[in-house]
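S.K.: The two chains are supplied separately, each in an independent frame; assemble them into the complex guided by the hints.
Residues per chain are reported as follows:
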Amino acid sequence: MSAIVETAGLTREFTVRDGPRRRRLTAVDDLTVRIEPGEAVGYIGANGAGKSTTIKMLTGILVPTSGTVTTCGLRPVKDRRRLARQIGVVFGQRSQLWWDLPVRESFRILAAIHALPAAVERARTDELVERLEMADFLATPVRQLSLGQRMRAEVAAALLHAPRLVILDEPTIGLDVLSKQRLREFLIAMRRTDGTTLLLTTHDMGDVERLCDRVLVVDHGRLAYDGDLAGLGRTTGAERVLVVHLAAPSPDLIGIPAARHLSSEAHGLSQRLAFDAETTTAARVFAAVAERVEVLDFTVEEPDIEDVVRRIYAARR
Amino acid sequence: MAEGVTVRARLRPYRVVLAARASSQTVYRANFVLDLISSLLAAVVELAEVWVLFHAVTRLGGLEFHQILLVFGLADLAFSLADLAFGHCDNLPTYLRAGTLDVFYLRPQPLLLQLVTSDISLRRLARAAVGLAALGAGLAVNDVAWDVGGVALLVVALVSGCATFAAMFVLAGGLQFFLVDGAEMTSAFVYGGRYAATQPASVWSRPLQVVFGFFFPMAFTGFLPTLRLLDLPAPAWLPTWLGWCGPLAALWAWALALLCWHWGVRHYRGGGG
Chain Z
1 MSAIVETAGL TREFTVRDGP RRRRLTAVDD LTVRIEPGEA VGYIGANGAG KSTTIKMLTG
61 ILVPTSGTVT TCGLRPVKDR RRLARQIGVV FGQRSQLWWD LPVRESFRIL AAIHALPAAV
121 ERARTDELVE RLEMADFLAT PVRQLSLGQR MRAEVAAALL HAPRLVILDE PTIGLDVLSK
181 QRLREFLIAM RRTDGTTLLL TTHDMGDVER LCDRVLVVDH GRLAYDGDLA GLGRTTGAER
241 VLVVHLAAPS PDLIGIPAAR HLSSEAHGLS QRLAFDAETT TAARVFAAVA ERVEVLDFTV
301 EEPDIEDVVR RIYAARR
Chain W
1 MAEGVTVRAR LRPYRVVLAA RASSQTVYRA NFVLDLISSL LAAVVELAEV WVLFHAVTRL
61 GGLEFHQILL VFGLADLAFS LADLAFGHCD NLPTYLRAGT LDVFYLRPQP LLLQLVTSDI
121 SLRRLARAAV GLAALGAGLA VNDVAWDVGG VALLVVALVS GCATFAAMFV LAGGLQFFLV
181 DGAEMTSAFV YGGRYAATQP ASVWSRPLQV VFGFFFPMAF TGFLPTLRLL DLPAPAWLPT
241 WLGWCGPLAA LWAWALALLC WHWGVRHYRG GGG
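Chains as they are written, first to last, in UniProt numbering: chain Z, 1 to 317; chain W, 1 to 273.
Next comes chain W alone, as it looks inside the complex (with noise of 0.2 angstroms):
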């Protein structure tokens, strides 16, 4: 119990900050509906380039679009909520130039904790919402078994999805300690990453496989868990079983992204490195 109280009261900064956050972005209620709504359109056009693409070409990589939808749905929503809670380190750059984040080393808290909770951006749930809704539409259209190997498998995907995009927001703070102009080239990955993850990863270049399917894990937020719950015959390079192995993606995605912050901070306070 006693546990219990240390938790919560530990917890509060980071619940008292993302509460004001929250509630300062409704303030404004024309404003706030016209940032869902322009995010909500941003998502949508996303979606229907996947579906204009289904037009030309009736299989992509070995898919169907009904098929793609699931892929489609599982990484942008994995994305999104990933996007909703730690898209705001893309600020970090801001922060660098402007100085304020060591008003961050000023406070009793971890940096990067501080980073992570210091925004969180509601009009991105939007964009949660269309993933949902292609995921939803994905599911209901394709012949999944609803068995609890499924089900578990569905929220096993999910879940280490969102880790795992989660990781590259993070991986990419700690690049920006370094880079000066640094955006572009982490929202390469971080972006080119979703965009990637919601495609087949059979229509990569061999090179972009090895980037985007291995090095950034992108292939185990839809791809993958898709050839397995559909039960599609995989590339042959690529055994079925991977597609349980998002949580291990997950675990390297956020070994590689500490390691990089890590870095990066040490850099940021010239420790070396």
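Just chain Z, with the same shape it has in the complex (with noise of 0.2 angstroms):
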């Protein structure tokens, strides 16, 4: 099957303006990228690492400056119309509903615009209609919806044509944490029914962790990683912690084989240990605690991967 994203030397550079002078500043960087059906790919980066200009130039709204890109097998710029009936995306900021009316007219003239046949029109969005829990608010007009509200219709409002990729442009900023969840439930399911390719472009690393399969780390157009979000951990080393909670005060547990105590609490109640994931694993650092002192309970955190982002970038320069 060929693939749904495809650039190759990627490159995009902008003119500046600087005070009197004008200089180059490379975007995107030489960016050779494969994505296949059906994957989940977060795509992160700091801000004016690249992320927006890249995904400008997949859709068709920006022209590189060298290099190919494909998506769904057209070219973008040429073919912007044809493959705009492919793809849904989400610009966290921008909305594609109308503001002053309600958000069932902006899913009909979005049904419209995408040439729906009514029947189809009817079922898709019912079904979304359903999946996101939009009943209570579409007689409402957008203008007055809550962000949460609001963005679970933009995700609606992509999905509409049922696109085979959709780009997800920060899509949780700004949410509470139950807008979060409900709406990465939504998409998760919705990978698993229709198989849909998803590209998210994030600060939240929550989204990744749940989302995705794939991780693409950009650092100032260049493509920084490319892998798993497990592989990322271990590529920058970042560290697991294991934090017990002790039966009684007790001194700083140090010693203990490939593990390193990071901090205690409470005279020692309450102590941190890291340990590297590819040295040893939770369960035998817990052993070699255990042994020591009666532990009543103990979590495990994972890496925190924008301190991992933060690494890569580091290593870099």
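Derived from the structure by calculation, the hints contain no laboratory data.
Be a bit skeptical, because a hint or two may be false.
Cβ-Cβ distance ranges computed for the label pairs, FRET-style [said to hold, decoys possible]:
{"id": "1", "chain 1": "Z", "residue 1": "Pro37", "chain 2": "W", "residue 2": "Arg12", "range": "27 to 33 angstroms"}
{"id": "2", "chain 1": "Z", "residue 1": "Arg192", "chain 2": "W", "residue 2": "Leu125", "range": "50 to 56 angstroms"}
{"id": "3", "chain 1": "W", "residue 1": "Arg266", "chain 2": "Z", "residue 2": "Gln93", "range": "20 to 26 angstroms"}
{"id": "4", "chain 1": "Z", "residue 1": "Gln93", "chain 2": "W", "residue 2": "Val52", "range": "47 to 53 angstroms"}
Negatives, chain W to chain Z, calculated, CB over 12 angstroms [stated by the list, open to error]:
{"id": "5", "residue": "Val16"}
{"id": "6", "residue": "Thr58"}
{"id": "7", "residue": "His66"}
{"id": "8", "residue": "Arg206"}
{"id": "9", "residue": "Pro233"}
{"id": "10", "residue": "Trp237"}
{"id": "11", "residue": "Thr240"}
{"id": "12", "residue": "Leu251"}
Yeah, the Cβ is synthetic: ideal placement off N, Cα and C, and Gly gets one too.
M.R.: Next comes the structure, spelled out in structure tokens:
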């Protein structure tokens, strides 16, 4: 099967006016990446790392300075209108709904824009309304929606024409915990039932952890990492942390094999030990601790992805 | 027959958007009526300006007030109709700044058609009513030859005038891609052009005659057809058959507008240009 997204040496430069002088800024630099149908890819990086520029080139909004890009087998700039029928995009900050019209009306207009037959339109709208729990606010004008409601409506709007590729640019930005969770659950279910390919940019590492099976890290326009989430932690040597709660105050647990004592709280009642998942396991560290002291409870903290990304950046400079 | 169906289907997205826009404006009836009234007042004030001017002079550029009324009516009605359909191209800077233009790129229709059909300002109907009234009055008080040629000239002038003004809106839109705060500058020729179009071109200074006579062909929307319609003597440098050349002016304006639009879009997408 052919790739959904395929880029080769994709590069985009901008001319920036810096006072009287002009200088060239490379927003995306020699990006070569291939995304297969059905994948869920997290595209992460700092602000200005080139994420939005990449998305604009994938969708045909921006013309690449050099290199090639194919999306859904089409050339995005040349075949923009055909491509538009196959992709769904949510820009977290830009609404594609009509702010003064009821949500239902926006869906009706978008169905006309995508030339959906009446029966398909009804079935698809009903399905999305049910799965995204939008029945309560279908008749509400978009401008009166809460952010969480609006974002669900935006996602539904992007999915109405059942696109093969869904691109979400910061979909959970500003959402409360519950709204975030709902949206993620919907996206997981959507992938399971429809096999939709998902490309997601986000600052929220929870999104990546919950939704993505592959991560692309971009730094200064260059691809800094391409692989799974666990591998990302391994590559950067980010450590997992075992937190133990003890029965009695104890001295710092120093000298546990392959583990490092990070901190103690409450006179040593609660202690944190870092370990490298490559060289040992949580069970082994736990066993070594339990030999010395009585443990009441414990948790294992996964590497903080933001920290991981920071480490990637640091290592590259 | 099959072709008719596809054309209908192709037009449906635009029709649905426009219908929704139109109905949303009339939902708040009182609001809509106020909008209409304010729009009407603005148009009446502009007509009054011309009338006041003729209290000071009896002739302007070789035309008397009742003749100017026809120039004003023709140009103003053409402009108002273009404004109704294309006026919200003025919103482009807002779309550009908010990034909402990108949303148009994600829909399977041509960009310019989406922009043009993205809205319709029904309040501008009030403006068109004033233009129509002025035109009606102008036709009534003047000695118009109501033969086939006269009627044809009137229709040709109105349609091509409307197209010319519409092109001005598109032209201005195309320039917005380059100008960060360019609305003031483009308003100068869009609204300045409208103002110029409602005046006799013979009073313009020579540079204005070049700019609004030919580059932005405003003289073709009101002044030149009126000269021809009333069989008035034209200034020495203008042959009267130019009154029939509205369609050529519209074609020129649209060529300029589309060039500018494509240039702007190319710039926006960063394809060089």
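S.K.: For every hint, state whether the structure bears it out.
M.R.: Here's how the hints hold up against the structure:
Pro37 of chain Z and Arg12 of chain W have their C-beta atoms about 31 angstroms apart, which keeps the hinted 27 to 33 angstroms range intact. The supplied range of 50 to 56 angstroms is met by Arg192 of chain Z and Leu125 of chain W, whose beta-carbon atoms lie about 52 angstroms from each other. At roughly 25 angstroms, the beta carbons of Arg266 of chain W and Gln93 of chain Z sit within the given window of 20 to 26 angstroms. A hinted range of 47 to 53 angstroms holds for the C-beta pair Gln93 of chain Z and Val52 of chain W, which are about 49 angstroms apart.
Distance to chain Z contradicts Val16 of chain W as a non-interface residue, since its nearest Cβ pair spans about 4 angstroms, not more than 12 angstroms. For Thr58 of chain W, the non-interface assignment is confirmed: its Cβ lies about 50 angstroms from the closest Cβ of chain Z, beyond the 12 angstroms cut-off. Every Cβ of chain Z is farther than 12 angstroms from the Cβ of His66 of chain W; the closest lies at roughly 44 angstroms, confirming the non-interface assignment. Residue placement check: Arg206 of chain W keeps its beta carbon more than 12 angstroms from all beta carbons of chain Z (closest about 37 angstroms).
At roughly 53 angstroms, the least C-beta separation between Pro233 of chain W and chain Z is larger than 12 angstroms, which holds for a residue marked as non-interface. The claim that Trp237 of chain W lies off the interface holds: its Cβ sits roughly 44 angstroms from the closest Cβ of chain Z, which is beyond the 12 angstroms cut-off. Every beta carbon of chain Z lies more than 12 angstroms from that of Thr240 of chain W, the smallest distance being close to 46 angstroms; the non-interface claim holds. A cut-off of 12 angstroms between C-beta atoms confirms that Leu251 of chain W is not in contact with chain Z; the least separation is 26 angstroms.
Violation of the numbered hints given earlier is confined to hint 5; every other hint is satisfied by the structure.
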